[in-house]
Amino acid sequence: MAHINSMPFCSYSQKGIFYESEESSLLITLDAVRKIFKTKDGQVNAVDQVNLTIDQGEIFGIIGYSGAGKSTLIRMLNMLERPTSGSVTVAGQDLSKLSKSGLRKARQEISMIFQHFNLLWSRTVRENIAFPLEIAGVARAERLRRVDELIKLVGLEGRGESYPSQLSGGQKQRVGIARALANNPKVLLCDEATSALDPKTTDSILNLLVEINEKLGLTIVLITHEMHVIRKICHRVAVMENGRVVEQGPVLDVFRHPSEEITKDFVKQITEPEETTDVIKQLASEKPQNKIVQLTFVGGRAEQPIITEVIRKFNVQVNILQGKVSQTQNGAYGSLFIQLEGVDSEVSDAINYMNQQQVEVEVVSYE
Amino acid sequence: MSNLFPNVEWDVMLTSTGQTLYMTAVAVIATFVIGLFLGLALFLTGKGNLWENKLFNVITAAIVNIFRSIPFIILIILLIPFTLFLVGSMLGANAALPALIIGAAPFYARMVEIALREVDRGVIEAAKSMGSSNTQIIFKVLIPESLPALISGITVTSIALVGYTAMAGVVGAGGLGDRAFLDGFQRTQNDVTFVATVIILIIVFLIQFIGDTITRRLDKR
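Residue numbers (this note's numbering), protein chains in the order written: chain C, 16 to 382; chain G, 48 to 268.
One should not assume that every hint holds.
To be verified - Partial list, derived from the structure: chain G residues whose beta carbon lies under 10 Å from chain C:
#1 V170
#2 I171
#3 A173
#4 M177
#5 G178
#6 S179
#7 K187
#8 V188
#9 E192
#10 S193
#11 P195
#12 G210
#13 T244
#14 V245
#15 D259
#16 R263
What the hints contain is simulated information worked out from the structure, not anything from laboratory work. Idealized CB from N, CA, C, for every residue including glycine.
All chains should be modelled from the sequences, with the hints used to inform the complete structure.
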C-alpha cells in the first residue's frame, strides 16, 4: 500500500492556526473511529467518531481524565481493541483488514509500554528484552547482541541478570522500553507509562523517551492524564472528553488558546499552582480598585523585559503576584500575574501598551 | 527390630513400598499431563480468553466437576468394567492406575485453571501487543508465569494420590495400603499397620519437601 505522503495538511488547532509541517509524512491515520462496548446497562460509546493524523517522528500526546476513552483509543492503534467502525491505518496498512498473521507481523512494528510495565516476572531483564525477539524468530546470537545494545540504550548496564521483582519502578519501565524497542518498531505507544512513577522517576523516563525520539526518529503516541507529561515532551496534543477529541493542535498553541473548558483546566495544571487562584482572589478583594492582569508569554518572548518597560513608560506600580515559565517541546511558555496600581487612565494605557507587545494580556476578575 | 515389630516381614514391606511408589509416580506423571491439558482447555475457552468457547467450556467443566466429586472408593468400583477392559485384571498395581488417574486429573485440572487465572492479564496483553501467536502465549507466557502454582498444585495432588493408592490397595492393587488393611487390620497385626503408616508418612513428607523446594526456586516474584 502506498504512503499518503502528498495529502495536504491543514489546521490542526480549532482556532485555525495553520501548522506547516516540514516534510510531513503521515504515519497513523484514524478515520471516524468508534468503539462501542455493550454492557448490562446498555451501550457505552468509549470512543466516538475520532479523526486523527499522526506524523512520522513526532511525539503525540492524548490527554483526558479517566474514562475519557483514551485507553481504548490507544489500544485500537494495535488492535488490542477492534474498532466498531472506522479505520485505523498505520504505516500504510489498514489494521482492521489484516489477516491474523498479518496483524501479528504489523504488531511487531507497533510497540507498546504500559502503566504497570507488564514484564514477565519469571524472566530476567535480559530474557524479558529478548522476548519480542523470540516472538519475531530472531536467531539466538543476534538476540544476544541486540539485547546488549538495548540494555545500554536504556541505561540498565549491570542489571541484565536481575529479575523484575528486584528492580525499582523506573528501572522496570526502562526494561519495558527496551523490550518495546527490540524489533525496531515504527511507533511506540505509551499507555500511561509514567502514571505509576514518582515525579523524579517520571522525568527521567520522559527524558529517555525524548532521547529515543530524537536519536531513532521514533514516533511516539502517549496517553496521560497529566498535563506535565504533555508539556514536557509532546509536539502535538489531542484532548479527549467522553470519547471524543474536543481539541487538538501543537502543544504551544493549545496552551496559548485553550478553547474548551476541559483544556483550560488541564492548562491550569501547569500555569497556575492550586494556591494561586486563592491568593489572587484575596488580593483582589483587599484592593478592588487595582487591576490584576495575567500575561502569557510564548516562545522567545518569554524573556522580554516588558515589565521594566511598563514601569518606565507609565505612572503605575507593578506588583508581581505569581510567575512561572515552562519549557515545552516547541518553545518556552510562561505566565505572569501582576497587579497594577495607579490612576485608571494610566493603568488602561499600560494595559493597551502591553497588548501591543507580543504577549497575551488578560485582565483577571474574580467575582 | 523383630522384637519391636514381630509380625513385620521387611522384604514384603519393601515390595509394597515399591508398589506404592510405582503407582504414585505413574499416576502423578499422567495426572500432570492430562490435568495440564484439561486445565488449559478450561482456562483458554473461558470468558474473555484466547479460545473463548462457551459450549466446550461448559461441557468440560461439567465432566471435570463430576469426576472430581465422586468419592474415590466409589470411583474404583464404577471403573471396574473399564479397568478390566483396559488392563485385563483387577489385581496388581497397574489395575489401580486408570482409577487413580481419572480420579486425580480433574482435580489437578481445576488447580491448573486457577493457576492460569492468576497470570497477570496485562502480561498477556503485552505479549499480544508484541505479535505473539496463541501458542507462543501459552508456552512462553502462561505456563512459565504460572509454573510455581502448577508445581505446588501437583505437589498437593501427589499427596492426595498417595492416599488414593492406599484405598486402591484395599481392593487388591497391592502397596502399603494393602499391607495395612489385609495384614495389619484383618489379621490384627497392629505393628504392620503402624510401619505401613510411617512409611506412607515419610513418602508424603518427601513429596511435600521436594515440591516446596522446586516451587521456591522457581518463584522470582
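Hints versus structure:
Interface hint at G:V170: satisfied, since its Cβ lies 5 Å from the closest Cβ of chain C, which is below the 10 Å cut-off. The interface hint given for G:I171 is met, as the beta carbon of that residue sits about 9 Å from the closest beta carbon of chain C, less than 10 Å. Because the closest C-beta pair between G:A173 and chain C is about 4 Å apart, less than 10 Å, the hint holds. Interface restraint check for G:M177: the shortest CB-CB distance to chain C comes to about 4 Å, inside 10 Å, so the restraint holds.
Because the beta carbon of G:G178 sits about 4 Å from the nearest beta carbon in chain C, less than 10 Å, this interface hint is met. Hint status for G:S179: holds, given a least beta-carbon distance of 5 Å to chain C, under 10 Å. The interface hint given for G:K187 is met, as the beta carbon of that residue sits about 7 Å from the closest beta carbon of chain C, less than 10 Å. Look at G:V188: its Cβ gets to within about 7 Å of chain C, closer than 10 Å, so that hint holds up.
Hint on G:E192 holds. Least Cβ distance to chain C is approximately 5 Å, under the 10 Å limit. For G:S193, the shortest C-beta to C-beta distance to chain C is roughly 9 Å, which falls under 10 Å, so the interface hint holds. Using the Cβ-Cβ criterion of 10 Å, the hint placing G:P195 at the interface with chain C is satisfied: the shortest such distance is roughly 9 Å. Given hint, G:G210 at the interface with chain C, is violated; its Cβ is 31 Å from that chain's nearest Cβ, farther than 10 Å.
At a threshold of 10 Å, the smallest CB-CB gap from G:T244 to chain C is about 39 Å, leaving the interface hint violated. With its C-beta approaching chain C no nearer than about 38 Å, G:V245 sits outside the 10 Å limit, and its interface hint is violated. At about 18 Å, the closest approach between the beta carbon of G:D259 and any beta carbon in chain C exceeds 10 Å, and the interface hint on this residue is violated. About 14 Å separates the beta-carbon of G:R263 from the nearest beta-carbon of chain C, more than 10 Å, and the hint is not met.
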